[in-house]
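Chemist: Residue numbers (the working numbering), protein chains in the order written: chain A, 1050 to 1290; chain B, 1050 to 1290.
Hints are all accurate, no fakes.
Below, a list of computed lysine to any residue pairs in the SDA-like style, where the Cα atoms sit at most 20 Å apart:
1) A:K1214 to B:P1216
2) A:K1214 to B:Y1064
3) A:K1219 to B:H1220
4) B:K1260 to B:I1277
5) B:K1256 to B:S1082
6) B:K1219 to A:N1263
7) A:K1067 to B:E1223
8) A:K1147 to A:F1122
9) B:K1275 to B:R1228
10) A:K1147 to B:E1234
11) A:K1260 to A:P1279
Note that these hints are calculated values from the structure, not bench results.
Protein chains: 2
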Amino acid sequence: MSRRQLLLLSSSRVYGYKYLELAAEFIQQLLASNDVRQVLFIPYALKDHDKYLEIVKEPLERWGWEVVGIHQFKDPVAAAEKAEAFFIGGGNTFRLLKTLYDLNLIEVIRRRVLEDGIPYIGSSAGTNVATRSIHTTNDMPIVYPPSFEALNLIPFNINPHYVDKDPTSKHMGETREERILQYQELPEAGPVLGLREACVLCIDGDKVTLKGKNASRLFIPGKTPKEITPNSDLSYLLQKT
Amino acid sequence: MSRRQLLLLSSSRVYGYKYLELAAEFIQQLLASNDVRQVLFIPYALKDHDKYLEIVKEPLERWGWEVVGIHQFKDPVAAAEKAEAFFIGGGNTFRLLKTLYDLNLIEVIRRRVLEDGIPYIGSSAGTNVATRSIHTTNDMPIVYPPSFEALNLIPFNINPHYVDKDPTSKHMGETREERILQYQELPEAGPVLGLREACVLCIDGDKVTLKGKNASRLFIPGKTPKEITPNSDLSYLLQKT
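Let the sequences and hints guide you as you build the complete structure.
Modeler: What follows is the structure, encoded as structure tokens:
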């Protein structure tokens, strides 16, 4: 049993950076240290898979990695069985999760990451599905997945693209914090990490570290939300509460 | 068979107005013209039903209407069978819809509004569940309802609290328009009305009119989104496309 290795990005696009550029150092280090030559890209969160693959290829090939799209294989489960690394991109979380269920990919990806130690990189929706469930996605429920339970590679929830209330706004809809606290009114809810853009969560075995250029906001049921600065150790979130 | 009468608010709270105040004229007119004495309030979108009832009672009782909460009845279906008017308030759309399913309220509310002509007032989540489905809610999927299909009192979708992209923002998450257009990539998607805050949609039989103090944005699959000004006739949205 190898150790799990995950890199969970709040977003692939960060203001002032090119696509994936903010996380370049972490991605390169993860892939190089695992002798990965080819990354299996999973584009199901967006409609146009070929176009999405081209976007992802650009930086990854420039950095020296081959990229193939899982949609190019007749048998996606077999492709996942042979993958050296997974990258699941952002888009609509409901569409992504439904497709993973429809194609029977949940179990194989989970096993390969948790048992075989295959590196997993997720961004936005790809970060949501790596967690225990998609209960804290920001996306519209455009399709109905058979469950909100997800890959469960980590036992807590993440809210990607976490944003604070704009104090100048006249908009009266719920803030992100209010939405997360509504979730945590439920007895089955656990911790939620609000990953602001420019945040990257690194999971290496049982060690969880916040990386990137921004603080995150951590919500533990029954406690006051708190700010988490980059380089903080969050390994305690892997303990089931 | 009486004619359906719906008042669908983008939000109960509008910047610069008290709770429900922006829609006061429309609510009073609807209830008075139907000789309503008592409104059945449905608070399931929020956790604290008693507290929510008090908030709603304040303006409605001041305007001359009695308000009872459906949660105060042992048999909610029987309460819905006897209701003179429904008001479904906002909060979390998933929690609201799941509760309506769990308590077997979908069919009875639908029948009473569409066949008996009982007035229906909805706000935010209460507006979402009045439409064909909750596919275009902004809320977090904090609980898993048995379906995203909703009361289907009108055959199109609404996005309440519709907002435009803030041109000064550095946030890179999808805009509301992008999210709605992603929904409309699906072949089963129909029209979506983006109801900005301070918008009220009035449905009287087969007549649909936009009221309130703000324009809305209409998304028809395959067409360029367009602005709809207050007092526009939108009756054509009742035709199945």
